[in-house]
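Chemist: Here's the letter readout for the chains.
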Amino acid sequence: MNHPYSDLPDHCYWARSVARLPPDRVDPMLQAPFRITRSTPVLTAGSCFADRITRALATRGFNLVMTELAHPLLPRRIAQAHGYGRHAARYGNIYTARQLRQLLERALGRFAPAEPPWRLGNGNWADPFRPTVQPGGFVSHHELAADRARHLACVRAAFETARVFIFTLGLTEAWHSLEDGAVFPVAPGVAAGRFDKARHGFIDFSVEEIVADLEIFLDLAREISPGLKVILTVSPVPLAATARPDRHVLTATTLSKAKLRLAAEMFCRDRPDAVYFPAYEIVTGPHGRGRYFTGGLRDASRMAVEHVMASFFRNFTEGADRPLPPADPPSPRAAPPGGRHRAALFASSCDEILSDDEEAPRGRSPHVH
Amino acid sequence: MHFALLNRPRFQPNFIGPATQRALSPKMNAALEALLGARRWHAVLLAPLGNECLARFLVADEPALTLHDPSIPAPADGVPVCIETMRAWLKEIAARNAGLFLSALRERTDLPIILVPPPPPIASEKLIREGESPLHAMLATARLNPPELRLRIWELYLGICAGLARDSGATLLRPPAAVRDEAGFLHSSCARGDPTHANARYGACLWPEILKHLAGAGTGPASPFHMELST
Chain A
0 MNHPYSDLPD
10 HCYWARSVAR
20 LPPDRVDPML
30 QAPFRITRST
40 PVLTAGSCFA
50 DRITRALATR
60 GFNLVMTELA
70 HPLLPRRIAQ
80 AHGYGRHAAR
90 YGNIYTARQL
100 RQLLERALGR
110 FAPAEPPWRL
120 GNGNWADPFR
130 PTVQPGGFVS
140 HHELAADRAR
150 HLACVRAAFE
160 TARVFIFTLG
170 LTEAWHSLED
180 GAVFPVAPGV
190 AAGRFDKARH
200 GFIDFSVEEI
210 VADLEIFLDL
220 AREISPGLKV
230 ILTVSPVPLA
240 ATARPDRHVL
250 TATTLSKAKL
260 RLAAEMFCRD
270 RPDAVYFPAY
280 EIVTGPHGRG
290 RYFTGGLRDA
300 SRMAVEHVMA
310 SFFRNFTEGA
320 DRPLPPADPP
330 SPRAAPPGGR
340 HRAALFASSC
350 DEILSDDEEA
360 PRGRSPHVH
Chain Z
0 MHFALLNRPR
10 FQPNFIGPAT
20 QRALSPKMNA
30 ALEALLGARR
40 WHAVLLAPLG
50 NECLARFLVA
60 DEPALTLHDP
70 SIPAPADGVP
80 VCIETMRAWL
90 KEIAARNAGL
100 FLSALRERTD
110 LPIILVPPPP
120 PIASEKLIRE
130 GESPLHAMLA
140 TARLNPPELR
150 LRIWELYLGI
160 CAGLARDSGA
170 TLLRPPAAVR
180 DEAGFLHSSC
190 ARGDPTHANA
200 RYGACLWPEI
210 LKHLAGAGTG
220 PASPFHMELS
230 T
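As you go down the protein sequences, you meet chains A and Z in turn. Quick note on numbering: the first sequence equals residues 0 to 368 in numbering that gives the first Met the number 0. Quick note on numbering: the second sequence equals residues 0 to 230 in numbering that gives the first Met the number 0.
I should point out that these hints are in silico values taken from the structure, not numbers from a laboratory.
Covered stretches of chain A, going by a simulated chain Z footprint (3 or more residues, C-beta under 8 Å): (1) 60-71; (2) 74-80; (3) 142-152.
Please read all numbers here as calculations on a predicted model, not as lab measurements. Glycine is no exception: its CB is placed at the ideal position from the N, C-alpha and C atoms.
Start from the sequences and build out the full structure, keeping to the hints where you can.
Modeler: What follows is the structure in structure tokens.
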């Protein structure tokens, strides 16, 4: 009997492509319109799930763009704790398409938000647009402004360098400045600053607004990186909280994810150089049988991330079946330190004092002054 | 007043373990025990690894390290480090030298502890490079960090040492004005031809301050005193 479903491929059938397969064989990514190699400059950004993607790419030796690097002398663990090496620049989590668009607008000098620095409990200052990247904050407005200027220059350089941009859409709910619409990654008062209802407002972006923001972003990005290709994902991580008291956090989560998913679909439609990668479906699909989230039911489990990345590597990289040799994760620090003089200085005065783990030479006799 | 100087090769090695999980060696712990139990002491003067901070930031790296501070000349190739990031780094450095000794001592004694920090950095490149040693030969060609940067880092380090001392019920001995020039650097008369140490005059200037602390704490004689070094 012939009917509209009779000649469809297996992936069109739930039983054949989901229910009857071992969980890790489920792969909803059909055909990637482009491939990346280990030499392709890849830029990542997005919500916290983007971190997982970045780390997986790094450990597989992909060419992650890193422009805002810590000084090479800074110990790696401190560099990482201060936001270096997570993404190309210290932008922290970018949850919304509006935040992404405004970041690039700021990097290109097209937007200068009016929001002043946010005060921290220790008297220092936080950058409202990345309030958690600098633990302890900035000691002065001057330091904040100088660091922000460097940061935005690095953001621009990152987009100029990148050929593929992977962005994870995280949220539709956000807080913004009522003065100029500048969107914050977290509500004022949560990580720093003070919420002022006369100056700060809530916004829940519509599908149309998200698509428009992505389109404006891409137009801007291609001004400095013509031919930039985009891979969009939607974070499978549920909302930690909704700001809407009329909604349950679970329905707020499904609505938010549905809007992001639809926006990604609409944005990528008819764009050969933009594609949706279904990480969201891989993690949240019932084939995971509850094993794809950890105890708090928000974080994707290691098994889930491995599944996601296996699909990514299979579909987006050349030589999908060929295992890529492992490589060191990208250093959050700049080029190797020119520590020859310092090593000599330590060796000739106080041997035991050279003790940062990354650069302690071997075989010195200990001696304390 | 009797002094025991715990700074001799016989106590080596001082530490065990990798830098980030450093601990005092059994030999050092035993030496501390023995020394503290040897007689009735008035106080402990602690000056551990003081010049680590000075040595680490003396020579400029490639790229150079700098701070977002308009008062510090920033080299064109400079990579800035935020103050709180630098503070986190210096805290690690202080914790694994002064911090380790402070904890080890406080576990063993209620005596007043005076923490002697490193001397202020030397401003003059000429003074730093002056000398005949292989180290000085190396320094002759090295690019040094700007003195303003080294002073700012030293000040941050001093603040961290003060916190460590406070947490251990100890006192930080701030270098007196006599050992510093107008800008706050080590006075040239206190430099000893060593880029990261001070000289005997510096030590002599510290003594009145130390004795003042001890007298204030009511734990020891002021002066005159008899100095008897023993290890």
